[in-house]
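Keeping the supplied structure of chain A fixed, place chain B with the ligands upon it in accordance with the hints.
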Amino acid sequence: MPPSALPDGDPAPESGELPSGALATVPTTDLAVYVHVPFCTVRCGYCDFNTYTLTELGGPGAAIGVDSYAEAALRELDLARTVLGDEAPSVATVFVGGGTPTMLRSADLVTVLGGIRDRFGLAPGAEVTTEANPDSVTPQSLAELAQGGYTRVSIGMQSAVPHVLRTLERTHDPANVAKAVAATRDAGMQVSIDLIYGTPGESLDDWRRSLEAAIALEPDHVSAYALVVEEGTKLAAQVRRGVVPAPEDDDEADKYELADAMLSEAGFGWYEVSNWARSPRNRCRHNVAYWAGTNWWGIGPGAHSHVGGVRWWNVKHPSAYAARLASGASPAHARETLTDEQRYDERVLLGSRLVDGLPLGDLRGSARAAVAGLIAEGLVEGAAAVGGGRLVLTRRGRLLADTVVHRLLAA
Amino acid sequence: MARTALAPHATPPELIRNFCIIAHIDHGKSTLADRMLQLTGVVDARAMRAQYLDRMDIERERGITIKSQAVRMPWEVDGTTYALNMIDTPGHVDFTYEVSRSLAACEGAVLLVDAAQGIEAQTLANLYLAMENDLTIIPVLNKIDLPAAQPEKYAEELAKLIGVEPEDCLRVSGKTGAGVEPLLDTIVAKLPAPVGNPDAPARAMIFDSVYDTYRGVVTYVRVVDGNLNPRERIVMMSTKATHELLEIGVISPEPVPSKGLGVGEVGYLITGVKDVRQSRVGDTVTNASKPATKDLGGYRDPKPMVFSGLYPIDGSDYPDLREALDKLKLNDAALVYEPETSAALGFGFRCGFLGLLHLEIVRERLEREFGLDLISTQPNVVYDVTMDDGKQVHVTNPSEYPDGKIREVSEPVVRATILAPTEFVGAIMELCQQKRGNLRGMDYLSEDRVEMRYTLPLAEIVFDFFDQLKSRTRGYASLDYEPDGEQVADLVKVEILLQGETVDAFSAIVHKDKAYAYGVMMASKLKDLIPRQQFEVPIQAAIGSRIIARENIRAIRKDVLAKCYGGDISRKRKLLEKQKEGKKRMKMVGRVEVPQEAFIAALSSDSAGDKAKK
Ligand SMILES: Nc1nc2c(ncn2[C@@H]2O[C@H](COP(=O)(O)OP(=O)(O)OP(=O)(O)O)[C@@H](O)[C@H]2O)c(=O)[nH]1
Ligand SMILES: C[S@@+](CC[C@H](N)C(=O)[O-])C[C@H]1O[C@@H](n2cnc3c(N)ncnc32)[C@H](O)[C@@H]1O
Ligand code: SF4
Ligand SMILES: [Mg+2]
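Going down the list, the sequences are from chains A and B.
Each residue of the first sequence is one higher than the last, beginning at 1 in the working numbering.
Each residue of the second sequence is one higher than the last, beginning at 1001 in the working numbering.
16 Å max Cα-Cα, derived EDC-like pairs, lysine to aspartate or glutamate:
| id | chain 1 | residue 1 | chain 2 | residue 2 |
| --- | --- | --- | --- | --- |
| 1 | B | LYS1578 | A | GLU341 |
| 2 | B | LYS1574 | A | GLU336 |
| 3 | B | LYS1580 | A | ASP345 |
| 4 | B | LYS1572 | A | GLU230 |
| 5 | B | LYS1572 | A | ASP402 |
| 6 | B | LYS1572 | A | ASP345 |
Hints were generated in silico from the structure; no laboratory data involved.
Because the structure is a prediction, the values reported are computed rather than measured.
For reference, chain A alone in the conformation it holds in the complex:
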């Protein structure tokens, strides 16, 4: 899920080649593959993902579209295979995100997965997820995905309340969510549901209704995100003009607490700030890989990758992306090589978001010394620190994770 604004970075080589230090980590580090499908039927007002409607891309005659996407993706997979080399491990997790991956025919999604399998192999029990919009799946298409090796579907429900969905400009029929969930389960795949809270005009009761509806669907996994007003979106313009009020932190805090309470009550456990799973087995291993800092290759326009402390990101526009690959060049737009300091910062930033926490031993001495204060302020779990030697955030601490990270890094 690449955000649409790309960071600045250093130039990336045309060959896609990686520094030897980064490559050295490949054989011994888990490998994940992310596939970015940059197409949507309409753009939702709050969304700043790198995605395009088919009309924006120029219709059927466009350089790249739903029909030719898989071909371009396979080319980048060839490049990935060449760059990572023979010693690359088989792929542990695949996540196809968007955009709306289910705008592609299931056959194409299966082709892309096949392309990964052919080049790297899939590890036994590999997790293979695709995102899906409730309106863009059918029992048939889902069965085809399961058949082709997909194990998990993440459904963009966002809310169960019609006026909230309207404000978000979600066009899906709320009734289709239940159908999509049932069909996914019938096809033998795991179900995850995405929710958004803090939408302007959403009351605490509205949010409770959405949570109840989501829980009633008995998913295996729930992600609940506070609405971010991203710069450059239609929502941001509406907030700026005062047409809709900006989301409020206090309201979002109430809603987060409600979500955590209701989901816990229903048997879900949090394992990352915004993610809950029915059991540890149902956690999204692909996402955990991001937070644990393992290696992953992002296929597709604007997709981000990380291998051994080198992060890079592809050109954003699908046509530019396709053109690069057609000319035999890497689609990477720029990259950055993390310094030790930056890797440490990321480790603290990401590790502290997890229920498994950050081993206190990974912290520098001064940061370790700051932990006692954070426990006293109720931001960090005392028991996990003392008993387990890990820094784990309390519910309050999860909401103030930024403060905690600043305090640890400034210590």
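Frame of chain A, contents of chain B with the ligands only:
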């Protein structure tokens, strides 16, 4: 027409005319000076640019003159070539001091009046200054090219003001050059030539002294008696210090070394000294070999009217700030400063300025020319506090305001002159009433223009008075003021507390009736500026132990970024790196983290900027 210039040193006084151009702000002095530079041929068309003599970046950006500039120009009348020394002066009230120094170097003044505006407050103020100096006045209406110009009407006004006939008012356009040649001829014809004794020991008045990185101190003088010659030794009469004259010359309009300067001439000296205090404005220069016995009498030092604390945002820049102030002071005698410390802001300087524009310009020059990032505290005037036990405290900073029992507090007042069309008399009276003013008199300059004289507390006039005056008179009123002693007033100190701790930088001394408004304004401003902390932060405004306003910053409950996947990671880390930088710019007030930006925003009075931009 211009001819070959007369050589300095060898020019008989009868052929010299020294004059300055004085006017209300923006009436076109510098533009008229441009045309003179061109007509006399000292600046050619290629080198010409608008307001040529406004040389500082800051002058050019703001379109105003801050420093006077003297230029020597040749001008021929009836076959005789004369040497004209012209001084372009600033019009803003903060720089009246510059004008008065320039006047002392001249026998005459061109009093310029915008023919579309008429007489304004600084027209009067500068005219009176010129008359006090016994200068011959040449009344001139400018901007006659403007469609809105009313030369007839204003010629009448101007003539009445200085007691001449309307026909005696010249009409020019600095823009088109119309009327400028006759004006130069009139200057030659009407202004007296300087008189002095060429054989007496030299006496030259220092009217400006400027520090130049390359050349050291450049001193501008007007020779009254005798002459000064290169390589001779000279004496500064007040300090008796002697220096060798390394270079002497005239400005035309760039420095041109000469064989010396004689009676009546205006020019510059370079002695190699590095500190302008060794070459003080108002001092008299004489020859070391045959020194004069009596000096020319100096200038009154300008008195700072407004004080503000200047603090480096990065505390480690303090020594650089000191050095920068020392350097700036070399060019700006009106700037005074002494070290002070603030609990909230650390080490800095309490600085005295002639007005808010002066403050703003000094601050901008420090930032621009010396690369400093500064915070300036709420400007204030000086108070004299008498305690019950008779002890006197002179307060230039609200934090010095004493705690014990106070008998009385006095504040500086000014004598203000306001000129405006008669229809605004009511509005002006209402404003002055609100600002605690006392009407001292009112005169009709013409049927539809009135001059109102008020005594007003300086503290009321210095800040947003001018803006309010302008807005209530649709821009038609003008204002001038000068210090006029002190008065006892009902003043109190309002303190601002964060979580019970006084933040000295936000304290202010205000009139009792305005304390509440100040407290409410500051508390609500801070509420918006200080980010939420992990705990609740009460903000209070208090007079002594009495709370007059309060606000509350609620504790922050959420700051986490909800979504943090692949591409979000770089973004988030970069944000974090930025925030780490920001942490360094935080000041702690007790347990409360206050960003520098909050101090800056809270302390920047919105009106300060506007006024300076006129
Ligand atoms: N139309 C017209 N505009 C003029 C004339 N003289 C000056 N101006 C304009 O009036 C404005 C002010 O001119 P300046 O020459 O900077 O005025 P000043 O009196 O030197 O201003 P201060 O030094 O700040 O007091 C500028 O925009 C000039 O272009 C003129 O004769 N005709
Ligand atoms: C790649 S996105 C969208 C996937 C799919 N196209 C959809 O809209 O359902 C994955 C999730 O990110 C969340 N999301 C997207 N934009 C967001 C925003 N501005 N603020 C918070 N969450 C957002 C939504 O919950 C969304 O389901
Ligand atoms: S469907 Fe999903 S990816 Fe597409 S615009 Fe809406 S939120 Fe963004
Ligand atoms: Mg000027």
